[in-house]
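The whole structure should be built from the sequences, with the hints applied where relevant.
Chains as they are written, first to last, in this note's numbering: chain A, 1 to 410; chain B, 1 to 410; chain C, 1 to 410; chain D, 1 to 410.
Bear in mind the hints are in silico, worked out from the structure with no lab data behind them. Errors might be hidden in some of the hints.
Put simply, identical chains are the same to the list, so a pair is met inside one copy or across any two.
[Unchecked claim] 27 Å max Cα-Cα, derived DSSO-like pairs, lysine-lysine:
no., residue 1, residue 2
1, 254, 351
2, 105, 146
3, 144, 254
4, 290, 58
5, 254, 105
6, 290, 179
7, 254, 353
8, 144, 353
Protein chains: 4
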Amino acid sequence: MLTLDFHPVGNHFLQIPGPSPVPDRILRALSLPTIDHRGPEFGALGLKLTQGIRRIFKTQHPVIIYPSSGTGAWEAALVNVLSPGDHVLIYETGQFAVLWARLAKRLSLVPEILEWQGQDTALPEAPGWRHGVQAAQIGERLAKDKEHRIKAVCVVHSETSTGVVSDIAAVRKAMDAAKHPALLMVDSISGLASADYRHDEWGVDVTISGSQKGLMLPPGLGFNALSPRAIDASNRSTLPKSYWAWDEFIEMNKSGYFPYTPNTNLLYGLHEALEMIEAEGLDTIFARHKRWSAAVRSAVAAWGLPVQCADAALHSPVLTGVIVPNGVDADTLRRTILQRFDLSLGAGLGKLKGRTFRIGHLGNSNDLTLLATLAGCEMGLSLAGVKLGGSGVNTAMEYFAGHPAEVKAA
Amino acid sequence: MLTLDFHPVGNHFLQIPGPSPVPDRILRALSLPTIDHRGPEFGALGLKLTQGIRRIFKTQHPVIIYPSSGTGAWEAALVNVLSPGDHVLIYETGQFAVLWARLAKRLSLVPEILEWQGQDTALPEAPGWRHGVQAAQIGERLAKDKEHRIKAVCVVHSETSTGVVSDIAAVRKAMDAAKHPALLMVDSISGLASADYRHDEWGVDVTISGSQKGLMLPPGLGFNALSPRAIDASNRSTLPKSYWAWDEFIEMNKSGYFPYTPNTNLLYGLHEALEMIEAEGLDTIFARHKRWSAAVRSAVAAWGLPVQCADAALHSPVLTGVIVPNGVDADTLRRTILQRFDLSLGAGLGKLKGRTFRIGHLGNSNDLTLLATLAGCEMGLSLAGVKLGGSGVNTAMEYFAGHPAEVKAA
Amino acid sequence: MLTLDFHPVGNHFLQIPGPSPVPDRILRALSLPTIDHRGPEFGALGLKLTQGIRRIFKTQHPVIIYPSSGTGAWEAALVNVLSPGDHVLIYETGQFAVLWARLAKRLSLVPEILEWQGQDTALPEAPGWRHGVQAAQIGERLAKDKEHRIKAVCVVHSETSTGVVSDIAAVRKAMDAAKHPALLMVDSISGLASADYRHDEWGVDVTISGSQKGLMLPPGLGFNALSPRAIDASNRSTLPKSYWAWDEFIEMNKSGYFPYTPNTNLLYGLHEALEMIEAEGLDTIFARHKRWSAAVRSAVAAWGLPVQCADAALHSPVLTGVIVPNGVDADTLRRTILQRFDLSLGAGLGKLKGRTFRIGHLGNSNDLTLLATLAGCEMGLSLAGVKLGGSGVNTAMEYFAGHPAEVKAA
Amino acid sequence: MLTLDFHPVGNHFLQIPGPSPVPDRILRALSLPTIDHRGPEFGALGLKLTQGIRRIFKTQHPVIIYPSSGTGAWEAALVNVLSPGDHVLIYETGQFAVLWARLAKRLSLVPEILEWQGQDTALPEAPGWRHGVQAAQIGERLAKDKEHRIKAVCVVHSETSTGVVSDIAAVRKAMDAAKHPALLMVDSISGLASADYRHDEWGVDVTISGSQKGLMLPPGLGFNALSPRAIDASNRSTLPKSYWAWDEFIEMNKSGYFPYTPNTNLLYGLHEALEMIEAEGLDTIFARHKRWSAAVRSAVAAWGLPVQCADAALHSPVLTGVIVPNGVDADTLRRTILQRFDLSLGAGLGKLKGRTFRIGHLGNSNDLTLLATLAGCEMGLSLAGVKLGGSGVNTAMEYFAGHPAEVKAA
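Quick look at the structure:
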């Protein structure tokens with residue numbers, strides 16, 4: 001890579017909402033020599049990982065680990081339990097819900113989209129992208145589906161494109177109240193291991209996740225956490241599947257192995273990540289991200305810019321979407337910040353292209369990293385001629401100084 | 001990984017026919033910090049890789065790089081060009097052809113199997129697994145398929161389960177002679193970058209490969225090299241596809257990006273691998289593997305054991321299958337060798353379980369590594385009570401001493 | 001190290017004035033397999049390094065590379081050219097001059113100390129530690145040394161304990177004016193490769209340096225750059241020497257080898273560092289550090305705290321010493337900052353213990369790293385109850401935003 | 001290093017008697033980010049290391065860890081306890097004793113050399129270099145030294161230039177019998193952590209060692225293990241010293257710190273090495289090296305070449321010196337083996353240049369590594385036209401197959 005390494009001096013600030021900055025411990029674990037994925041050492045590793053990952057999802061049931069991106073894990077969730085022509089009810093909270101619907105259509109499913117009903121002056125292009133899933137709407141739609149054509153309800157737990165977290169337990173409650181048999185599928189790609197998540201307790205049937213966010217790994221691993229109902233449905237599904245098929249994974253994982261060659265070196269990283277996460281403790285990790293999130297939001301407020309998430313209770317602990325003033329192109333702003341300050345920020349996605357930017361506060365970060373990030377944003381906004389209400393960096397410094405974290409060993 | 005590292009001292013000898021030993025340069029490249037896969041640095045990397053990989057396949061046409069195993073690349077090849085109920089003609093040269101047929105069936109295709117017709121006293125269980133593809137048989141079958149129900153011919157270039165390489169150009173010639181429009185799909189997972197391979201010149205429509213063999217990377221990248229006819233067919237195919245769909249890859253790769261989050265850190269490794277391969281030169285690499293192969297076969301001959309490949313012209317440069325005497329369980333033998341000498345060998349697969357073992361001679365190896373490997377085998381065979389005809393190690397030493405390689409810088 | 005890694009999450013901010021943060025490229029180079037230091041590959045490496053390092057010192061003459069700390073390189077400079085009882089004239093600009101004098105005494109030399117004559121209300125404990133070498137004082141002392149008992153003049157180019165850079169060319173001029181034959185020895189441990197330095201042009205006889213500052217390596221390499229006069233003097237010196245003896249180094253380095261086992265893996269790092277430095281260019285590097293220094297000083301000024309360096313022309317580009325108000329203990333402050341914000345700052349050394357802290361702005365840093373550092377300082381000062389004149393972070397942000405650097409590839 | 005990496009493919013075989021092959025775990029530990037050597041994390045590391053290293057030397061007393069080569073540790077031992085003109089009695093068992101004497105002379109000490117008295121037809125150039133220290137000779141000489149002008153007896157425990165281990169306890173016994181107050185200094189650079197060594201029990205006053213042999217680290221750390229008598233003597237010694245001075249180390253190490261900047265990243269490696277060594281257990285490690293040594297000697301015997309060590313009881317567990325037939329140049333042989341088989345062997349040193357080569361069997365090795373090494377030697381000898389008595393590789397294979405090691409986790 002040396003010849004490709006055209007970064008200026010100093011470490012790059014990767015503050016997009018994933019891939020998140022990867023800790024040195026994990027990067028070095030990736031570089032351990034590859035072993036035989038059919039040998040006994042691998043079996044021990046596989047058993048440890050397939051058990052350990054369940055504790056992160058808070059489930060007693062199998063979690064499938066794919067050599068794939070998170071998009072692959074979405075596809076896996078659909079093809080394992082559904083059949084051509086099945087309806088899936090997708091609640092659009094942002095771009096990833098949109099992409100999921102597109103994916104469903106390509107797989108010969110029939111997506112139905114629900115979205116928040118309302119106006120928004122700050123973001124007229126996409127008012128629904130400032131809110132979470134409205135469980136009541138889902139309940140109403142399901143109640144009308146007397147023939148049970150809807151086979152799955154698909155919601156995004158932590159919308160990476162907006163910075164809004166949805167109440168998954170409420171969705172399950174609405175589905176139960178509607179007495180509808182659809183499966184509940186949840187994308188917690190950017191939520192897992194950063195925001196509170198409880199696969200079993202919340203009654204989720206398939207949780208989809210990936211390696212490159214809260215797990216602090218590079219991209220390359222996709223996850224499906226299952227429920228007994230989901231496994232049962234997979235026996236009746238007729239969508240063609242092989243690579244994604246759960247059955248062989250469930251069988252082979254029992255002895256720590258995989259049905260085809262796994263992503264061995266990324267699994268080394270997963271092993272290291274699990275050790276780090278369990279040493280710190282999930283509750284400490286969740287609290288840490290909430291604290292970061294509060295500081296970043298205080299900075300955005302000080303700038304006088306609207307945070308994309310309009311519902312105070314649903315602010316994402318892992319990222320903050322920021323709406324830029326009309327007349328400012330957020331992508332030009334991001335480009336300036338990258339070129340001048342070696343800081344990568346997330347773009348406004350889909351219909352919000354140029355209208356927002358997103359600050360990731362997850363992965364291998366700390367108070368100073370985030371202050372540096374806010375400083376980069378603040379300088380970039382100034383250079384773009386945005387008149388700021390005040391110094392977000394100063395506000396965040398006050399927040400951090402005034403709110404010490406209980407720091408535990410990683 | 002430290003707590004999992006229960007290897008004895010010294011480096012493990014990973015002499016299975018892939019994953020192959022990964023060079024230190026590549027292992028370290030894997031551990032570079034993850035970057036934004038939507039940023040300009042990634043775009044430059046992506047362009048370099050998608051162009052560079054074409055030179056390895058010897059093609060002018062797009063090569064898709066998936067975050068997947070090689071099995072995923074198989075699936076991708078099928079779902080992109082075929083439709084439910086399509087017939088695929090698979091020539092069974094070993095276990096990977098068998099697995100490919102099983103995969104096709106799971107995807108609602110109709111596999112037809114051809115195999116070598118003949119007897120074999122040394123390996124009566126699977127006589128066909130000692131030979132290469134018989135192009136004439138394929139030609140005959142296609143000639144009979146007047147309705148063109150067969151949409152693809154699937155053959156394995158380098159059968160990882162047997163150590164036999166097939167003549168791909170001959171298959172194309174037979175197809176052309178039969179004037180049959182089926183697409184030619186070739187699995188060169190263990191052949192690419194170790195054995196001579198020419199996607200364009202040989203008229204292959206889809207070549208399937210993976211990262212963990214001749215490219216000397218860990219597993220995690222799957223490849224589809226395409227032809228214009230294959231791309232054309234992909235527009236008519238009706239099998240559902242999204243993750244594997246070529247269209248978005250072809251489009252986005254033009255600017256160096258990928259339709260969904262790629263396997264960034266493995267791509268760092270691919271970059272390093274391409275640099276190493278091009279510095280050494282493909283012809284030097286092919287010659288190197290042939291030399292290794294000749295030495296290993298001379299050792300097996302000295303032991304008095306049959307090499308699995310029965311056709312002298314088709315010996316694989318990347319691995320050698322060895323048939324063990326009746327009464328010896330090859331898996332017990334391999335276990336002893338692993339426990340006593342920290343050497344991993346490949347198992348006999350499928351119907352050859354326990355009947356053969358396979359020696360990989362690819363990846364980050366050299367003369368001494370292979371002599372050590374042969375020494376491990378020879379000691380293991382002695383411990384298993386096999387009466388050997390002579391010292392394979394001595395024979396291989398004579399071969400290596402007598403046949404100097406032209407060594408070029410890596 | 002995993003079990004010792006009790007850092008909180010996120011990367012530690014190592015902003016002491018060395019060891020400086022080491023770039024990833026160099027860290028990975030350190031982990032390449034050790035080679036035979038008597039083999040041909042090492043010879044090629046050794047030749048490249050011993051030639052390349054001369055360009056950093058700007059000398060045509062030999063540079064000795066020791067497996068040692070910078071302290072060892074000091075000792076080497078003295079024992080190679082001096083004899084027991086020789087006088088050395090040391091100009092005290094800070095703690096490292098003091099330590100050098102102590103070292104000289106332990107080696108049976110007679111150090112004479114000169115220092116700045118004057119008062120200082122902000123730092124009454126050590127007024128001289130706010131200024132550079134006064135060449136005139138040296139000239140006067142030498143002029144009086146008619147018997148030439150003083151054999152060496154020892155000055156520190158970049159005083160790591162104070163943040164003051166001295167004018168070395170002026171010292172040489174004063175020595176020449178006094179027509180005194182003493183050798184000129186310069187400690188540029190923290191100056192080399194960060195601040196302008198010219199061994200030959202400035203007429204230095206021995207320059208002492210180390211690996212862990214501007215070269216961006218871990219500690220473990222010490223350097224002596226020589227002049228012909230120094231080499232000549234080494235033939236007459238009677239202090240016992242063996243490990244440090246130049247003669248065998250000069251001889252063996254001609255073929256790229258070393259008289260005893262060198263620090264091979266750190267030499268890999270040096271190789272990488274030289275590649276990075278030469279790719280960026282020394283002038284760009286010097287300008288980069290000056291820009292950082294200006295921003296940090298602007299922040300300290302905004303806080304209303306005195307910068308330790310009292311002479312505007314001599315501000316160090318690599319570190320800034322900050323004097324804390326009476327009643328504040330700088331070490332308590334640093335401890336708070338470390339515990340709360342995972343930021344390491346330099347302590348006030350020697351007689352300034354608790355009176356100052358030092359901010360390193362060298363090594364693998366960038367604008368955002370330094371803003372984060374200033375934020376950590378600013379929050380720590382607030383927590384310590386120091387009433388600040390304003391936000392240093394804001395001032396530095398304005399500076400950085402207003403003064404774009406010409407960024408070149410590393 | 002990438003551009004310097006002109007190795008052919010495959011891992012280099014570094015089978016010199018040190019620097020030894022470094023395990024991957026240690027190489028990766030070297031690449032952890034450098035920390036503040038004055039901060040609390042370093043203090044914890046320092047305490048752990050300075051305590052842990054005592055268990056390797058089997059001492060209750062301080063062990064000094066220098067940022068230096070082993071040669072520096074020799075110099076340290078001498079300058080700390082001796083005064084100019086002191087006599088040191090050095091028993092010449094090989095080149096390292098010769099170098100030690102030369103070093104002593106450069107430091108203004110008066111070395112007296114004793115050596116084995118006898119003839120040797122196989123190695124007439126250096127008959128004494130095939131034997132260990134003769135304690136009786138030392139006793140006799142000391143008995144005659146009525147004035148106690150001899151202040152130190154210097155012996156090499158494991159002669160890296162010959163492959164002979166000396167009986168240190170016997171030397172102490174002879175010194176005691178002579179009632180002579182000289183200090184006993186022992187070089188166990190290549191013995192420590194590979195061959196049984198007991199600093200306290202054997203009554204050694206100063207043990208000298210280095211990092212790059214049994215500790216499996218790269219070069220760069222030197223060690224002095226002390227006795228109370230040695231510490232006492234250091235208070236009276238008048239040789240000038242500063243870098244090497246024990247006093248400040250002893251004082252500062254109490255809190256885990258060092259008097260000057262230590263070699264931080266190599267200390268990370270030392271931490272990892274201590275973890276590995278203690279996990280395996282010193283007794284297992286010693287047995288492992290003895291087993292390797294026996295196999296290698298059996299191979300040399302099969303070739304019909306004389307092992308350099310003439311005393312069966314004193315064969316080194318860490319290396320084997322091999323005498324080549326007259327008319328063969330061992331250095332030409334080694335060059336061929338390096339070029340053809342990428343295997344580095346040790347040269348005959350000093351007066352044995354070209355007459356012997358040395359096989360290292362230490363560090364990160366295993367049975368197969370050593371068989372590969374022997375294969376490289378055997379092919380090289382054949383290519384050099386040496387008529388061998390038989391296949392050393394076959395003999396060693398029989399030995400290894402017949403003598404299973406008790407393998408413990410590293």
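Structure-based check of all given hints:
Taking the closest pair of Cα atoms, residue 254 and residue 351 come within 27 Å of each other only across two copies (23 Å); inside a single copy the shortest separation is 44 Å, beyond that limit. Proximity of residue 105 and residue 146 under a CA criterion of 27 Å is satisfied intra-copy only: 23 Å inside one chain copy versus 35 Å between copies. Taking CA atoms no more than 27 Å apart as the test, residue 144 paired with residue 254 passes in neither setting, with 41 Å inside one copy and 46 Å between copies. Proximity of residue 290 and residue 58 under a CA criterion of 27 Å is satisfied intra-copy only: 19 Å inside one chain copy versus 51 Å between copies.
Taking identical chains as interchangeable, the C-alpha atoms of residue 254 and residue 105 lie at most 27 Å apart only when they sit on different chains, with a minimum of 25 Å there against 34 Å within one chain. Proximity of residue 290 to residue 179 under the C-alpha cut-off of 27 Å is found in neither arrangement, the shortest distances being 35 Å within a copy and 66 Å between copies. For the homomeric pair residue 254 and residue 353, the shortest alpha-carbon distance between copies (21 Å) is at most 27 Å, but the shortest distance inside one copy (45 Å) is not. Taking identical chains as interchangeable, the C-alpha atoms of residue 144 and residue 353 are never at most 27 Å apart, the minima being 35 Å within one chain and 56 Å between chains.
Hints 3, 6, 8 from the list above are not met by this structure, while the remaining hints are.
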